[in-house]
Amino acid sequence: MRMKVISIPEYCLGCGLCEIYCAAQHDGFNGNVLKAYKTGQPDPRSSLIRSRPVSWFNTCMQCEEAPCLNACISGAIKRDRDGIIYIDENRCVQCYTCVMVCPYGHARPSSRSGRIMKCDLCRDSEGMPACVKHCPNGALKLWQGGEEQ
Amino acid sequence: MSLREGEVRIPSGCAIAGILNRSGQRFDGTPIITCIANMHQRSNGLGGGFAAYGIYPEYPEQYALHVYYDHDKAREECEYYLNHNFNIALQGPVPLRRQARITNAPIIWRYFALPKEGRLYQEEIDPEEFVFRSVMYVNSCIPGAYVASSGQNMAAFKGVGYPEDIGEFFRLDDYAAYLWTAHGRFPTNTPGWWGGAHPFTLLNWSVVHNGEISSYSTNRRFLEMYGYTCSLQTDTEVITYAVDLLMRRHGLNLEDTVDVISAPMWVDIENQRQERLRRVYASLLLNGPFSIIVATSNGLMAINDRIKLRPLVAAEKGDCLYVSSEEGAIKVVEPSPDRIWSPGGGEPVIGLLYGKEQLIEPDAKIICAQSA
Amino acid sequence: MKYVIIGSGIAACGAVEGIRSTDLCGDITIIDGEKRGAYTRPLISYFLSDPDRYRDIDYRSLEFFGEQQVEIIPSRAKQIDRSDQIISLDNGQQIEYDRLLIATGSCPLSPPIPGAEQDWVSTFYTIEDAELIVGQAAQIREVVVIGSGLIGMKAAEALHKRGMYVHMVEKEAHILPRQLTPRTAEFLNEHLSSSGWDIITGEEVTVIHPQHKVELKSGRMLSADLVILAVGTRPAVELARQSELDVRTGIVVDAYFQTSDPKIYAAGDVAETLNLASQQLEVMALLPHAHREGYLAGCNMAGQSKPDPGSILMNSVRLLGWNICSAGAADYRGGELLTWQYQEQLLELKIRDNRLIGYIAINVPEAAGPLTNSVSRKMAISAASWKEFLADGPQLLNIPPVYWQELRRAEAYGSN
Amino acid sequence: MGAPLNTGFQMSTPVFKVDRDQDRCIQCGVCVSQCANEVHHMDSDGWMWVEDEKCVACQRCAVLCPTRAISITDYPVIFRDNSHWGSASLREIFRQAESGGVLLTGMGNPRPYKNYFDHMLLNASQVTNPSIDPLREPMELTTYLGNKGDLICGEEKPFLKLKVPIMFSAMSFGSVSLNVQKSLSAAARDMGTYWNTGEGGLHPDLKEFGSCAVVQVASGRFGVHPGYLDNSAAIEIKIGQGAKPGIGGHLPGEKVSEEVSLTRMIPAWSDAISPAPHHDIYSIEDLDQLIETLKVASRYSKPIAVKVAAVHNIGAIASGIVRAGADIVVIDGFRGSTGAAPMRIRDNVGIPIEIALAQVDSRLRDEGIRQQASLVAAGGIRSSADVIKAIALGADAVYIASAALVALGCHMCQMCFTGKCNWGLATTNPELSKRLNPELGLQRAKNLLAAWGHEIQEMMGGMGINAIDSLRGNRLMLRGIGLNPQELDLLGIKSVGD
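Residue numbers (the working numbering), protein chains in the order written: chain A, 19 to 167; chain B, 25 to 396; chain C, 16 to 431; chain D, 16 to 513.
If you're looking for bench data, these hints aren't it; they were derived computationally from the structure.
Keep in mind the model is a prediction, meaning the values are calculated, not measured.
Heads up, a few of these hints could be off.
Stated by the list, open to error - Here are the computed distance ranges between Cβ atoms for each label pair:
| # | chain 1 | residue 1 | chain 2 | residue 2 | range |
| --- | --- | --- | --- | --- | --- |
| 1 | C | Gly-318 | D | Ser-226 | 20 to 30 Å |
| 2 | C | Arg-424 | D | Glu-223 | 25 to 35 Å |
| 3 | D | Lys-222 | A | Lys-53 | 43 to 53 Å |
Unchecked claim - Take a look, some chain D residues computed to stay more than 12 Å from chain B by CB distance:
| # | residue |
| --- | --- |
| 4 | Lys-129 |
| 5 | Ile-147 |
| 6 | Glu-155 |
| 7 | His-265 |
| 8 | Ile-384 |
| 9 | Leu-491 |
| 10 | Gly-507 |
Glycine is no exception: its CB is placed at the ideal position from the N, C-alpha and C atoms.
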């Protein structure tokens, strides 16, 4: 069962809430924006490409034949039972090979911590991915094997 | 003194019953009294009444006006008005029998009257409309006088008391009719007024009704557009005027009338005619729980509201058709009927004298295309 | 169906995944010559730099092999009897096979330098090499690394991190000759030297003297407690040659990784595969290719027919915090070279007949993905739009729109 | 003539105060990017500052701020207590002293006049007749609008079939964004009701929703052409609007974008004024001719509606309209909204819809012509209770527009005429109108109708009624509370306890 978040530029307002809630949903902040931004080192997994007239959220396409998974020299990039491709942080040696091979330029090093940022569809928390849940204009959809959520 | 019908709207549950001999063979009031008496606990002694068709064969043309007077002065004034407008073939008090439980009965007289030709010509209306307007006048403009019934070769016998006592009081065993309907009332306060009892009559119509019409105000304000003044504020009055408007003045047949007052749900409507009926006469849809018996000289129709929130049972034995609120009341009169059934929501039970097509012949003026 | 895989590297793991993608019940046997399990060779430098942090450098865990029901025999394959389809091992075992995959990878070159046989001189290719160095680390203060290829660089970085003083000797005119151009090499060289490395280019080691002295061609003498030979690798084709398979520099395989013997396949560093840039079959010896080739070989061994799409030379490496990504052809004759520099960032784009044929990005990781794929997919993006891309600043935002349209069309966007 | 002063000095303090809780603000810049009135600013060095006087309290920033750092409050400086000279009156004079012009505003009359819907209570059945359980028994909301006539013979006149007695009222393309119309038209189609194009013509993208559209013909005849009349379910002649009885429509130039000018067939960026009265209707018989012309133009295939504002003597006006051949009479109460109207007219002209509706229903019944036209109440319907009360008073159905806008995100800042609606509703600026995703808008509009539909069924069930037909004009189901006898009489309802 393949899932991914797709961005609909037509309705994207470029407000950036997706990045904020994405960062707050990871690294142990479990969704608390204030805590993430006031005490922690928040790093959004996907990045919002702000451009005129159309902005879009560069999310992971969870590719079938994932170049990043093939190219990862330490086997840190894995696919879980739900087909979600994620990075096992403590195996990753930050060699940026995945960054080099990702056709969408999605996997990228965080400007703050150098760790590789890659969308894992908020697999550690319940319900919708944080970006889809908090987009004020329905510009992000969880695409699930053919029909959207 | 508590307010009477007309001054206040009195909700009431009750019992209804009706017996028809399709061949027109007449029988006395005992069966109907036995039938309604069996449903004694459905009424609280504050109202009962009967309608009987075919009891005055000797005066078939005349309108048998049964009038209740609170006092003699009202009688004089009313008789003056009647003599001015009608040729009265016979008049006199209605024969009664002292009955212990019936008290403070009004003065009850009856007049066999025909509208004067001159007055008809002057008013340029047909006799039925003339009688209709006269009854409206007496009821609303002559204080202390109330016309209980005004049909041809029929009468309503009603008052305050249990129906079986009213029946005895009016000596119904002396009359012979081919169609009887009865009503036992359970109003929630004590109106001392005989006129407010059921059945409600208008010309040949008589209606007995159990239940309450929650669409009363919608129905009433629609009827007022067509000249009906609902003076009694009772549901029965509104139902009677509705069927009068539909059948007599707009010439709808029985089936169409049922499709208006107990209209099928939009989803169940099959044909264009039903749909249009429901669109045009939307305000005559009777909503809320009810079971009614509408009777005329041609026969009766008993019907439930469309989701059957009130009981109604019907039975047949030879030429006789029985309808009643309870099966027991029928069985006590007719222990082994040929057929007994409970009609569904909005499903009419129609009993007509042999040879009669409709409950009432519509006015000549407005005859609507009667598709099948 | 009985599958046997000689070698336990990246290609072997890829092959297991490939086989299991269709054939869930065939039994698979891996012949692990190094007897150290499926570990990732590039990570030995990470292990060397911090043994506790990088204790576990397995490419695939033991549970993985358990789940995939793979039997691992820690022994070296001695001989392949192609007619009876039997392999004889050092430990005397005889293994039959229906399908055999040779994934022996490559082995380090040891240059004919006199004195190279002494114990404080070694190659840096296996986990044991790293463990040996870690063992003597306390006594080592000064190191000479011969060769500035990827292995040499990562070894040097590891030793530098352990506080040793590094000399690097490179025969060519600049460091990382296969990956970088003179300007980019100079740019990196300046960073490494300023971090304390002694980088000597255009020099060769002539003699390694017993008293920890290393003599260069120019006569310069270096003292060293350890010498690392990192002059390159070659495919480990002995077994294949001995079995008379068709071998050039690497084992010759068709698009389905079949060798000249239909029952025998070859994949990974040992095999010659299609380089999309040069349209030649070459030994590219790159980890990402090894996994892809192993996977496809596994599929084809299990009965599928998945041709190899081929790939391009590409590499990404981190050196002292700097990230160097490079892909595509090294030379750009007949093309055009666009460069962009800003402080510690340097980007070189090589463009020929309106296609990006190669790039070198130092500390510009954000745009690396799309650039690599423009090269590998031979996307028709004009030099003008690349110039505009550089002019606006090489972020993802400014990637030429044509790229995204081409990508969406190729990927039938949203369906992959 | 007044000339605007060009001094920056403002005589009074701002109306609203924008507070930023520094402990919560994470300088994410969402408020800056989302405020079209340019209240919020962030300099390159991260310093954030606000311009209170530009704030219209539309709450866009407060709602989108991820850490709820922003709160909009009334500016604390309060004028000395004065029951006659309130702060609003003072500020209005300050503005007019500065501009010398008519004060424009948006939405409906906000003044504290008595709201009759809040002074009427509904009946419920107890004992004598049981309520009907809407979960087990079907509850019919289907209603028909049009000239039903008294009898079922003869050719039936065209009608509209509504599955729920609520329609979306006129909001023209230009006054509101195309996304608003896309949301409401799709919701109308899905819920089996109708939407009104307003006097801005039908945008080509909405052709497929013509079959469930009431197309408006206003005095400006904007966008009116044969195709427009054909591709519709009904045609509505707009005589007046509840928010501004007696004056015409006014679409400020800022909102007349290229697309709007194409749809309306008027020059771009020029104020679109639809005159009052229609220059071909100077008395009732002219209306009769226009109705007849439209019937001929639509080959008698569609009901013709006439929309008037609720003003004094509305009973006679409505009677005239029905006798002029209108199939549907729309009465727009003084709480009705608008995109742009002079504040004085919006706040002081017109009468409440409840009384107007009751008068019209009674008047048509007295004249025996109630069956010849359906009655639609509009203007300030806020909830399904208002709908029930309007239908009980005599309306066949209601129009909602403000409620629909609120469902789509409107926060009643009453600044629609500026075209800077931060919720992307009352604007044609593509950057802003993008903020209403029509797919979400469709869901929200459908949910509103579905929710109100369920509530109406619940209340009807409580009254023992299972069809909306039996609720229409059922004034016995209403009781007045806190109303004087004359008001009760005008509404035609009894008092509580009676």
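Hints, verified against the model:
1. In this structure the supplied range 20 to 30 Å is violated for C/Gly-318 paired with D/Ser-226, their Cβ-Cβ distance being about 57 Å.
2. For the pair C/Arg-424 and D/Glu-223, the beta carbons lie near 29 Å from each other, so the given range of 25 to 35 Å is met.
3. Range check, D/Lys-222 to A/Lys-53: about 51 Å between beta-carbon atoms, so the 43 to 53 Å window is met.
4. Every beta carbon of chain B lies more than 12 Å from that of D/Lys-129, the smallest distance being close to 24 Å; the non-interface claim holds.
5. Distance check on D/Ile-147: its Cβ comes as close as 7 Å (rounded) to a Cβ of chain B, failing to clear the 12 Å threshold; non-interface status is violated.
6. Look at D/Glu-155: its CB is around 6 Å from the nearest CB on chain B, not clear of 12 Å, so calling it non-interface is violated.
7. At roughly 39 Å, the least C-beta separation between D/His-265 and chain B is larger than 12 Å, which holds for a residue marked as non-interface.
8. A beta-carbon of chain B is positioned within 12 Å of the beta-carbon of D/Ile-384; the least distance is around 9 Å.
9. A beta-carbon of chain B is positioned within 12 Å of the beta-carbon of D/Leu-491; the least distance is around 4 Å.
10. Annotated as non-interface, D/Gly-507 brings its C-beta within 12 Å of a C-beta of chain B; the closest such distance is 9 Å.
Hint check: violations occur at hints 1, 5, 6, 8, 9 and 10; the rest are consistent with the structure.
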